[in-house]
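Residues in the sequence shown are numbered consecutively from 10, following our numbering.
Any given hint could be a false lead.
Cross-link-like lysine-lysine pairs, in silico, PhoX-like; alpha carbons within 25 Å at most [to be verified]:
| hint | residue 1 | residue 2 |
| --- | --- | --- |
| 1 | Lys-313 | Lys-323 |
| 2 | Lys-207 | Lys-96 |
| 3 | Lys-214 | Lys-96 |
| 4 | Lys-248 | Lys-323 |
Hint data in this document are derived by calculation from the structure and do not stem from the laboratory.
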Amino acid sequence: MNLSSEAEAQIAQTGGWPRRYTVIALLALATAICYVDRVNISIAIIPLARDRGYDAAATGLILSSFFWGYIGPQMLGGWLADRFGGKPVLTAGVVLWTLGTLLTPSAAEISFGALLVMRVVLGLGESVHFPTVHSLAARWTIASERSRAISLYVSGVSFGTAVALLVSPIIVLTLGWPAVFYISGILGVIWLAAWLLKAADVPEKCAGVTAQELAMIRADRPPAPLAESIPWAAILREKNVWAIVIAHVCNNFGGYIILLWLPSYLHKSFGVPMERLGSYSIIPWIAAFGVGNLSGWIADGLRKRGMTMTEVRKLMQGAAFTLGAVPMLILPLAGSARIAIALVTIATGGGALGVAGFAANHLDIAPQYAGILMGLSNTFAQLPGIV
Numbered sequence: 010m011n012l013s014s015e016a017e018a019q020i021a022q023t024g025g026w027p028r029r030y031t032v033i034a035l036l037a038l039a040t041a042i043c044y045v046d047r048v049n050i051s052i053a054i055i056p057l058a059r060d061r062g063y064d065a066a067a068t069g070l071i072l073s074s075f076f077w078g079y080i081g082p083q084m085l086g087g088w089l090a091d092r093f094g095g096k097p098v099l100t101a102g103v104v105l106w107t108l109g110t111l112l113t114p115s116a117a118e119i120s121f122g123a124l125l126v127m128r129v130v131l132g133l134g135e136s137v138h139f140p141t142v143h144s145l146a147a148r149w150t151i152a153s154e155r156s157r158a159i160s161l162y163v164s165g166v167s168f169g170t171a172v173a174l175l176v177s178p179i180i181v182l183t184l185g186w187p188a189v190f191y192i193s194g195i196l197g198v199i200w201l202a203a204w205l206l207k208a209a210d211v212p213e214k215c216a217g218v219t220a221q222e223l224a225m226i227r228a229d230r231p232p233a234p235l236a237e238s239i240p241w242a243a244i245l246r247e248k249n250v251w252a253i254v255i256a257h258v259c260n261n262f263g264g265y266i267i268l269l270w271l272p273s274y275l276h277k278s279f280g281v282p283m284e285r286l287g288s289y290s291i292i293p294w295i296a297a298f299g300v301g302n303l304s305g306w307i308a309d310g311l312r313k314r315g316m317t318m319t320e321v322r323k324l325m326q327g328a329a330f331t332l333g334a335v336p337m338l339i340l341p342l343a344g345s346a347r348i349a350i351a352l353v354t355i356a357t358g359g360g361a362l363g364v365a366g367f368a369a370n371h372l373d374i375a376p377q378y379a380g381i382l383m384g385l386s387n388t389f390a391q392l393p394g395i396v
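Please model the entire structure based on the sequences and the hints provided.
Structure below.
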C-alpha cells in the first residue's frame, strides 16, 4: 500500500512502519489464500473428473457445493466479529477452510458424497471471511486511506485467483491434482502463524501501535455496536443497504461465471490445452488486480478534489457495471480463445472499479455494523454461485 501523508509523517517522527498497514496486508494475503483455496478446483476438476468418471452434472455439483456452506453463516460471522472481535472469528474461519482444502483429496478417494462434504466445509470456513475483514477494517483504517485499504484487501481476490490459475496447472502436470490442495492448504497454515503473532481485534490490543497512530485511528473509528441488540428494522428499511445488496449480486453474477467456468470454457470451446490454461486464464485477474488497486487511489483522489462520498461511489460503480456488462454480452460471438480472453479481461478489469463503489460502501453508511452489512450483502451475492 502506498503511504498517506499521515503515515509519512508518522514514519518521519517515529521511524516505524504503521501497524495498520501490516494488518491490512495480512487481510489482503488472507483474501488471496481464500481465493487460491476456492479457485484451485476450477483447474483440478478437469483431471479429477476424468479420473473419477464424473459427468458434467456431477462436475457442476462439485463446483456449486461450495456455496451450500458459504451462503449460510455470513451474517452470523459479521455479527460475531462486530460484537466480540474479528481476530478469533477470522482465525476459526481460516482453520476450517484450510482443513477442508487439505482433506479434499482424501475425501475424493472415499466417495463422491465425502468430496461434496469437504467442499461444504471449505465454504463454511470461507463464509466468515469478508464480513469479518470488513469489521476489522472499520476498526483499523482511517477515513483518508479507507478506499485504498479496502481496494488492497479486496484485490487479494484477483491476486489469489491469478496465482491459483497460473500455478495449479503446473502442479497438476508435475505432481498430480491432489498436490494442488496440499500446497494450497499449507499456505493457510503459514498465514495463521503470522496472523496470530502480528494482529489484534483493535489497535489498543496490538503492541506495535504507536500513540500517534492510535490517536489517528480513534479519531475516525466508529462507536462500538450496542451489545443488547442490532437495529435490524432500521438496517432493512435503509435504501442504501439494498442498493449495496443489488450491486453486490450483480457484480457476483458475472464474476462467478468467469471464476468457476473460464478454464473449462477455454478448454472445451477452443481446445486450449491444460499446460496453457493458466497463462490464458490469469490475464483477466491481473487486470482486475491492477484496476482494483487503482480504483482506491482514484476514489480517494476524487474525495480530496471535493466530490462527495456518494458521488464517488456512484461514479465508480456506474463505470464498473458498464465496462463489466458490455463485453460479456459480446462474448458469445467470440471466434477464438484470444478474442474471448480480451473480452473477459475488459469485463473483469472494468468491473474491478466497483471495489471503490459498492465494496467500500458498507463502511461509509454504518461502519460500526460493517461486518453485519457485509454479511447481509454477501449472503444475497452468493445466489448467482448456486444458480
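Hint check:
A threshold of 25 Å between alpha carbons decides the hint, and for Lys-313 with Lys-323 the separation of about 16 Å falls inside it, so the pair holds. The straight-line distance between the Cα atoms of Lys-207 and Lys-96 is roughly 11 Å, inside the 25 Å bound, and the hint therefore holds. Using a Cα cut-off of 25 Å, the hinted pair Lys-214 and Lys-96 holds, with the two alpha carbons roughly 11 Å apart. Note on Lys-248 and Lys-323: the hinted pairing holds, with a Cα-Cα distance of about 14 Å set against a maximum of 25 Å.
The structure shown violates none of the earlier numbered hints.
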